[in-house]
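Q: Each chain, written out:
Number of protein chains: 2
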Amino acid sequence: MKVLAENRSIVLAKRPDGAPKVTDFALQTSDNLPLEAGQFRCRNHYVSLDAGFRNWMNENSGDDILPAMALGSPVMGLVLGEVIESRHPDYTAGDKLMARFAWQEYSVSDGSDFIARLPAHLAFPPSAYMGVLGDTGMSAYFGMTDIGHPGPGDCVLISGAGGAVGSIAGQLAKIQGAYVVGIVGSQAKADWITTQLGYDAAVIRRQGEPLLASILERCPNGVDLFFDNVGGSVLEAAIAAMNPHGRLVLCGAISGYGSDEPLPGPSNMFDVVTKELKIQGFMTHLRHDRYGEAMAALGGYLSQGKIKSPEHMLYGIERVPQAFADLFAGRNFGKTIVNLIDQPL
Amino acid sequence: MKVLAENRSIVLAKRPDGAPKVTDFALQTSDNLPLEAGQFRCRNHYVSLDAGFRNWMNENSGDDILPAMALGSPVMGLVLGEVIESRHPDYTAGDKLMARFAWQEYSVSDGSDFIARLPAHLAFPPSAYMGVLGDTGMSAYFGMTDIGHPGPGDCVLISGAGGAVGSIAGQLAKIQGAYVVGIVGSQAKADWITTQLGYDAAVIRRQGEPLLASILERCPNGVDLFFDNVGGSVLEAAIAAMNPHGRLVLCGAISGYGSDEPLPGPSNMFDVVTKELKIQGFMTHLRHDRYGEAMAALGGYLSQGKIKSPEHMLYGIERVPQAFADLFAGRNFGKTIVNLIDQPL
Chain G
1 MKVLAENRSI VLAKRPDGAP KVTDFALQTS DNLPLEAGQF RCRNHYVSLD AGFRNWMNEN
61 SGDDILPAMA LGSPVMGLVL GEVIESRHPD YTAGDKLMAR FAWQEYSVSD GSDFIARLPA
121 HLAFPPSAYM GVLGDTGMSA YFGMTDIGHP GPGDCVLISG AGGAVGSIAG QLAKIQGAYV
181 VGIVGSQAKA DWITTQLGYD AAVIRRQGEP LLASILERCP NGVDLFFDNV GGSVLEAAIA
241 AMNPHGRLVL CGAISGYGSD EPLPGPSNMF DVVTKELKIQ GFMTHLRHDR YGEAMAALGG
301 YLSQGKIKSP EHMLYGIERV PQAFADLFAG RNFGKTIVNL IDQPL
Chain C
1 MKVLAENRSI VLAKRPDGAP KVTDFALQTS DNLPLEAGQF RCRNHYVSLD AGFRNWMNEN
61 SGDDILPAMA LGSPVMGLVL GEVIESRHPD YTAGDKLMAR FAWQEYSVSD GSDFIARLPA
121 HLAFPPSAYM GVLGDTGMSA YFGMTDIGHP GPGDCVLISG AGGAVGSIAG QLAKIQGAYV
181 VGIVGSQAKA DWITTQLGYD AAVIRRQGEP LLASILERCP NGVDLFFDNV GGSVLEAAIA
241 AMNPHGRLVL CGAISGYGSD EPLPGPSNMF DVVTKELKIQ GFMTHLRHDR YGEAMAALGG
301 YLSQGKIKSP EHMLYGIERV PQAFADLFAG RNFGKTIVNL IDQPL
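Chains G and C, in that order, give the protein sequences. Start counting the first sequence at 1; every next residue gets the next number (my numbering). Start counting the second sequence at 1; every next residue gets the next number (my numbering).
In short, the hints are calculated from the structure, not lab data. Some hints here could point you the wrong way.
Put simply, identical chains are the same to the list, so a pair is met inside one copy or across any two.
[What the hints assert, rightly or not] Distance condition first, Cα-Cα at most 25 Å in a straight line; then the derived SDA-like pairs of lysine to any residue:
#1 96 with 345
#2 308 with 222
#3 14 with 315
#4 278 with 176
#5 278 with 302
#6 21 with 5
#7 278 with 67
#8 308 with 262
#9 278 with 244
#10 278 with 149
#11 96 with 121
#12 306 with 114
#13 21 with 198
#14 306 with 24
#15 278 with 66
#16 21 with 59
#17 278 with 64
#18 308 with 109
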């Protein structure tokens with residue numbers, strides 16, 4: 001067995017107050033200990049940055065299944081890597097995995113973590129398995145396929161439209177023939193989603209400008225389907241813009257992850273009654289058994305050039321905190337990924 | 001044609017601020033004018049009091065289909081009566097109707113109002129057609145049948161449980177074999193729903209007491225289905241008490257009708273994501289074409305003694321404002337109805 005380098009991890013140095021900052025995290029170096037029976041070691045090539053994990057950085061977050069992250073421990077996150085040694089009967093060196101391990105170069109697991117196997121020969125660039133073929137793409141796929149059902153004649157509104165999930169969700173709605181409008185935070189993102197991703201129009205959120213009026217300007221006949229990654233006041237404006245019998249798919253609420261204080265809720269819930277709206281939330285990882293179906297569909301679109309897999313890529317474990325902070329500042333165009341190792345997977 | 005007495009109506013004297021008061025309304029006497037071609041006149045026997053109409057008393061309420069009520073005009077409401085003269089081809093003297101006319105003794109219509117015909121020979125007391133067989137029962141039926149789907153093993157929570165809709169909704173959930181808990185505002189109502197309506201348990205809302213803890217005391221395994229008539233902080237507590245994949249049926253939001261200011265929304269909408277909740281609103285009158293189905297089902301239960309049709313009955317047109325105010329003070333046990341005329345229908 002070859003001697004491994006030290007393992008570098010990013011640990012939770014303190015619980016973020018509001019949007020995460022680089023200084024909420026610290027780089028920690030530790031030894032790679034020998035495996036125990038029933039364990040395997042994964043060399044992580046890529047870290048996926050997902051805003052939803054912010055929620056588990058709060059002290060009183062989590063539940064029995066996924067408890068709050070511990071201070072001083074490596075930060076829970078999604079990684080993509082390769083098994084390099086194994087004393088576990090189900091895992092063999094060379095297995096390629098996407099898993100909920102931690103922000104670190106090497107992870108040891110007993111197989112009880114959330115783990116998805118990748119094919120031995122990857123048909124797409126590895127990072128695509130964290131983006132359009134990963135949880136990001138899954139979120140867009142399940143939200144649209146299982147709940148949203150966009151179709152021709154629908155006006156589909158998507159918040160966080162230039163983010164990881166939004167950038168895929170919009171393309172999926174376009175494939176189904178809908179008119180698709182994205183809510184973004186800057187002119188640059190508005191230009192990007194309309195020229196690069198096929199969005200029909202963009203709404204730019206600007207401090208002090210009423211969002212509802214901006215939405216109705218781009219969706220003059222109202223909104224039939226809202227796919228929400230942001231929550232809070234954006235959800236409230238969308239409820240106001242919905243047509244009767246509209247569907248609201250709640251995928252995430254990045255505007256609320258940054259705070260221990262609860263977000264003010266939509267004050268227009270009575271619109272849900274009068275317009276007979278349907279609001280449904282979903283968690284991508286609870287649909288684990290259908291990842292195959294989703295990957296086949298999304299891989300097909302990718303092969304046929306029907307969707308793009310935009311990535312905001314940074315390099316090196318020490319850049320992971322920055323990459324995470326970028327998400328909350330909206331600096332990412334598409335999926336945020338950190339490449340940990342300058343070697344092909 | 002016989003000479004008709006004067007027509008007495010209750011008009012909107014001023015727009016209510018908060019919960020409606022008797023002084024927001026005034027009694028007005030007018031002549032019964034001769035019918036024009038295409039019109040018919042209905043003698044109204046009963047007025048149904050429904051909190052939802054409060055919404056249309058606000059200045060900036062309503063839409064193209066159902067505009068805001070006008071100051072000085074008879075208040076829009078549901079009545080049950082009999083056609084006494086007609087110059088309309090589809091209506092004949094003796095026709096029994098339930099209709100969205102106004103709080104008045106006689107109404108003239110050209111048939112374009114919301115009108116449901118009743119059978120010539122009523123199988124149940126007329127007031128039942130405004131309660132369990134009227135919009136009230138329809139609301140309970142459609143909310144439970146189309147959206148809620150209660151069944152054995154479900155813990156069903158109902159707000160406004162002693163009100164018109166809640167008193168029926170709870171009985172319907174019991175028929176389907178669920179464990180049913182009602183939220184009420186007083187000990188008297190708690191006793192009433194558990195001893196008279198078959199509710200398994202009651203939660204009493206008390207100022208300053210955390211509602212969530214009270215709910216979880218009565219629903220120790222969490223809530224699977226929430227049927228909401230109240231909204232606001234009650235909805236927020238229910239969201240917190242929901243089990244994964246819970247269903248929330250939004251039927252009304254009486255806590256919000258009393259104010260021009262929007263109700264604060266539920267601050268825990270992210271729970272909708274993490275617990276994969278489904279929230280759906282509905283409007284009873286949009287299911288007009290299925291009233292026959294609902295009346296058959298509810299009439300069957302009523303005949304078989306499986307449900308009761310509790311009524312809070314007042315007498316005389318001048319008592320209608322008091323009856324409406326009673327709703328918002330929670331003084332009604334079951335359906336609030338005013339009997340306008342001391343004659344059998």
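Q: Take the hints in turn and mark each one as holding or not.
A: Going through the hints against the structure:
In this assembly of identical chains, the alpha carbons of residue 96 and residue 345 lie at most 25 Å apart only when taken from the same copy (8 Å versus 78 Å across copies). Proximity of residue 308 and residue 222 under a CA criterion of 25 Å is satisfied in neither setting, with 28 Å inside one chain copy and 42 Å between copies. With identical chains, the CA atoms of residue 14 and residue 315 are at most 25 Å apart within one copy only, with a shortest distance of 23 Å there and 67 Å across copies. Proximity of residue 278 to residue 176 under the C-alpha cut-off of 25 Å is found in both arrangements, the shortest distances being 20 Å within a copy and 24 Å between copies.
For the homomeric pair residue 278 and residue 302, neither the shortest alpha-carbon distance inside one copy (31 Å) nor that between copies (31 Å) is at most 25 Å. In this assembly of identical chains, residue 21 and residue 5 lie within 25 Å of each other by CA distance neither inside one copy nor across copies; the values are 28 Å within and 77 Å between. When the C-alpha separation of residue 278 and residue 67 is checked against a cutoff of 25 Å, the pair qualifies only between copies, where the shortest distance is 24 Å, while the shortest distance within a copy is 30 Å. In this assembly of identical chains, residue 308 and residue 262 lie within 25 Å of each other by CA distance neither inside one copy nor across copies; the values are 35 Å within and 42 Å between.
Taking the shortest Cα distances, residue 278 and residue 244 sit within 25 Å of each other both inside one copy (10 Å) and across copies (17 Å). In this homomeric assembly, residue 278 and residue 149 come within 25 Å of each other (Cα to Cα) both inside a single copy, at 12 Å, and across copies, at 15 Å. Taking the shortest alpha-carbon separations for residue 96 and residue 121, only the intra-copy value of 9 Å comes in at or below 25 Å, while the best inter-copy value is 75 Å. Taking the shortest Cα distances, residue 306 and residue 114 never come within 25 Å of each other, neither inside one copy (30 Å) nor across copies (49 Å).
When the C-alpha separation of residue 21 and residue 198 is checked against a cutoff of 25 Å, the pair qualifies neither within a copy, at 32 Å, nor between copies, at 55 Å. In this assembly of identical chains, residue 306 and residue 24 lie within 25 Å of each other by CA distance neither inside one copy nor across copies; the values are 39 Å within and 61 Å between. Taking identical chains as interchangeable, the C-alpha atoms of residue 278 and residue 66 lie at most 25 Å apart only when they sit on different chains, with a minimum of 22 Å there against 28 Å within one chain. Within a single copy, residue 21 and residue 59 get their C-alpha atoms as close as 17 Å, which meets the 25 Å cut-off; across copies the closest is 47 Å, which misses it.
Taking the shortest Cα distances, residue 278 and residue 64 sit within 25 Å of each other only across copies (22 Å), while inside one copy they are farther apart (29 Å). In this homomeric assembly, residue 308 and residue 109 never come within 25 Å of each other (Cα to Cα): the closest approach is 33 Å inside a single copy and 59 Å across copies.
Violated hints for the displayed structure, listed by number in ascending order: 2, 5, 6, 8, 12, 13, 14, 18.
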